[in-house]
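Student: Quick note on numbering: UniProt numbering labels position 61 of the sequence shown as 61, and the sequence is numbered without any gaps.
Since the hints were made in silico from the structure, they are not lab data. You may find that some hints are simply not true.
As the list claims (entries may be wrong) - Label pairs and their computed distance ranges (CB to CB):
id : residue 1 : residue 2 : range
1  : S21       : D51       : 49 to 55 Å
2  : N15       : G50       : 49 to 55 Å
3  : D51       : V23       : 25 to 31 Å
4  : P27       : K52       : 16 to 22 Å
5  : G50       : Q5        : 50 to 56 Å
6  : N6        : D51       : 56 to 62 Å
All C-beta atoms in this analysis are idealised placements derived from N, C-alpha and C, irrespective of residue type, glycine included.
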Amino acid sequence: MAVQQNKVSKSRRNNRRAHDSLVAANPNECPSCGELKRPHHVCPSCGTYGDKEIVSTNDEIDEDAA
1 MAVQQNKVSK SRRNNRRAHD SLVAANPNEC PSCGELKRPH HVCPSCGTYG
51 DKEIVSTNDE IDEDAA
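Can you build the whole structure from these sequences, using the hints too?
Tutor: Put into structure tokens, the structure is as follows:
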């Protein structure tokens with residue numbers, strides 16, 4: 001088991017944890033549909049990335065053809 005050699009004060013402990021907080025998300029607006037999306041990711045609502053359609057949505061797929 002690891003055993004500390006000296007007591008770590010509350011100040012040193014809290015200073016070490018100062019950078020451990022979570023950062024809020026930074027959503028961007030999708031240029032094609034206007035919904036909020038994560039930067040550098042495919043838009044979950046319309047399936048586009050940049051100007052290209054990457055993922056086809058459920059509305060566009062014809063389920064009767066299969």
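Student: Of all the hints given earlier, name the ones this structure violates by number, lowest first.
Tutor: 1, 2
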